[in-house]
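Asker: What follows is each chain in one-letter form.
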Amino acid sequence: MLDTTAIKRRNIMNKSTKKALALAAAVTSLSASLGVAQSAENWETHEIKGGGSGIVGPSDSHAIKWNETKGNSTQGKLSNQHKIVIEGKGSNSVKVDTIKSSSQIKGANAIKWEYKK
Amino acid sequence: MLPPQANRTQPLPIRRTGLDRQTPFGFSCMRCLQCCQSKKIQVNPYEIARLAGNLGITTTYFIERYTTGNGSCLKFDDENRCVFLGPQGCRVHADRPLVCRLYPLGRHRNEQGDEWFSEIEPETGCRGECDGGEGKVENWLENQEVRRYLVAADSYLKLLWEMMALLEQGEEEVEGAEESDTAGIEEKSMMENGGWMDMDAAVRIFCQQREFPFPLDIEEKMRMHQDALQCWIQQP
Chain A
0 MLDTTAIKRR NIMNKSTKKA LALAAAVTSL SASLGVAQSA ENWETHEIKG
50 GGSGIVGPSD SHAIKWNETK GNSTQGKLSN QHKIVIEGKG SNSVKVDTIK
100 SSSQIKGANA IKWEYKK
Chain B
0 MLPPQANRTQ PLPIRRTGLD RQTPFGFSCM RCLQCCQSKK IQVNPYEIAR
50 LAGNLGITTT YFIERYTTGN GSCLKFDDEN RCVFLGPQGC RVHADRPLVC
100 RLYPLGRHRN EQGDEWFSEI EPETGCRGEC DGGEGKVENW LENQEVRRYL
150 VAADSYLKLL WEMMALLEQG EEEVEGAEES DTAGIEEKSM MENGGWMDMD
200 AAVRIFCQQR EFPFPLDIEE KMRMHQDALQ CWIQQP
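Heads up: the protein sequence lines correspond to chains A and B, in order.
Its first residue numbered 0, the first sequence is counted upward by one per residue in numbering that gives the first Met the number 0.
Its first residue numbered 0, the second sequence is counted upward by one per residue in numbering that gives the first Met the number 0.
This is chain A alone, in the form it adopts within the complex:
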């Protein structure tokens, strides 16, 4: 038997998140192209690919994401030799090359960049 409840739920999810995800994707790409919060790198891929019930929508990641991205534009040649520092996640800071999953940043207080000299 066709599970119409599940389909209905999925449709509602798609409808409610479609615009937000499209906007988030747009913001992420434009942010990167304008040097605003380079730490947002890979968010778009992550969010789009994370579709379905485990989708990372605005409610999950808003706090960190928008605290970070509503920043200044820095237009300069950046080093691509860097680490992303995720602070306040548990008792320690974590350093990674890229952010690939929401679990990496959920609960963190800040995301910063560290450059090799």
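Just so you know, the hints here were simulated from the structure itself, not pulled from any lab data.
Don't take every hint at face value.
So, partial list: chain A residues that the calculated Cβ filter (under 8 angstroms) puts toward chain B [stated by the list, open to error]:
id, residue
1, S30
2, S72
3, T73
4, Q74
5, G75
Examples of chain B residues lying across from chain A (beta carbon under 10 angstroms, computed) [what the hints assert, rightly or not]:
id, residue
6, C72
7, P103
8, S117
9, M162
10, I217
11, L228
Remember, it's a predicted structure, so these values are computed and weren't measured experimentally.
No residue lacks a Cβ here, since even glycine has one placed at the ideal position from N, Cα and C.
Put chain B on the given structure of chain A with help from the hints.
Answerer: Quick look at chain B alone, frame taken from chain A:
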């Protein structure tokens, strides 16, 4: 005066910051090309259009062939060199991106409209010299012909901040919204799939939907691209 934001941690290895257009600054480039390696070169839709125009190709093909991050940065090769770095230097120098023109400066801009500059720590092995002549930051900007690039960056920034504000309104409004029929299916589909960074594709669809002629001038095309984005973000 140093904007308050300048005191925050900056994502650049900075030698000095809080510079304005009147600050003394000069740099003699020795064309050692060190600054074309191990870098992240951001490119906005206007810069992509300039580069694509230089190569005589569409922005669609340019993004696919020469960029990463959905068209937000230039590709680097396996040796971590800019994809446009040739034996004689930059192969697209006349249309090089803003950050290449600014180097070794970085420009900062916030939502309040403040602008300030930083002097970036030079690369290891860089033979260029910052000189103490009579030049100022504004002279450097003029010499590098950045005016159109700054106009473009600031206008896209304004759009970006509008998008961020919209997202911050929360998902409730999005959830209750009806599908708009003011845009064609092709237009909405492209925008929702991230194709909006592609200026040629976005403007082509925008023009087709409204029966506008496709603009050939890059500045005009950019304005139409921004109109297209504005229409899209205002739709429910």
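Asker: With a cut-off of 10 angstroms, does the beta carbon of I217 of chain B approach a beta carbon of chain A closely enough for the hint to hold?
Answerer: violated, 16 angstroms
Asker: Interface hint check: G75 of chain A, Cβ to nearest Cβ on chain B, cutoff 8 angstroms. Holds or violated?
Answerer: holds, 3 angstroms
Asker: How about L228 of chain B: closest beta carbon in chain A under 10 angstroms, or not?
Answerer: holds, 8 angstroms
Asker: For the restraint on P103 of chain B, tell me whether the closest CB of chain A is nearer than 10 angstroms.
Answerer: The hint holds - P103 of chain B has a Cβ within 10 angstroms of chain A, the shortest such distance being about 8 angstroms.
Asker: Go through the hint on S72 of chain A and say holds or violated, using the shortest Cβ distance to chain B against 8 angstroms.
Answerer: holds, 4 angstroms
Asker: Against chain B, is S30 of chain A within 8 angstroms by beta-carbon distance?
Answerer: holds, 6 angstroms
Asker: Does C72 of chain B hold up as a contact with chain A if the rule is Cβ-Cβ below 10 angstroms?
Answerer: holds, 7 angstroms
Asker: Report holds or violated for the interface hint on Q74 of chain A, using the least CB-CB distance to chain B and a cut-off of 8 angstroms.
Answerer: holds, 4 angstroms
Asker: Holds or violated: is the Cβ of M162 of chain B closer than 10 angstroms to a Cβ in chain A?
Answerer: With a minimum Cβ separation of about 5 angstroms from chain A (threshold 10 angstroms), the hint on M162 of chain B holds.
Asker: Return the status of the interface hint for T73 of chain A: holds when the least beta-carbon distance to chain B is below 8 angstroms, violated otherwise.
Answerer: holds, 5 angstroms
Asker: Holds or violated: is there a CB of chain A closer than 10 angstroms to the CB of S117 of chain B?
Answerer: holds, 7 angstroms
In the structure shown, a violation is registered for the earlier hint numbered 10 alone.
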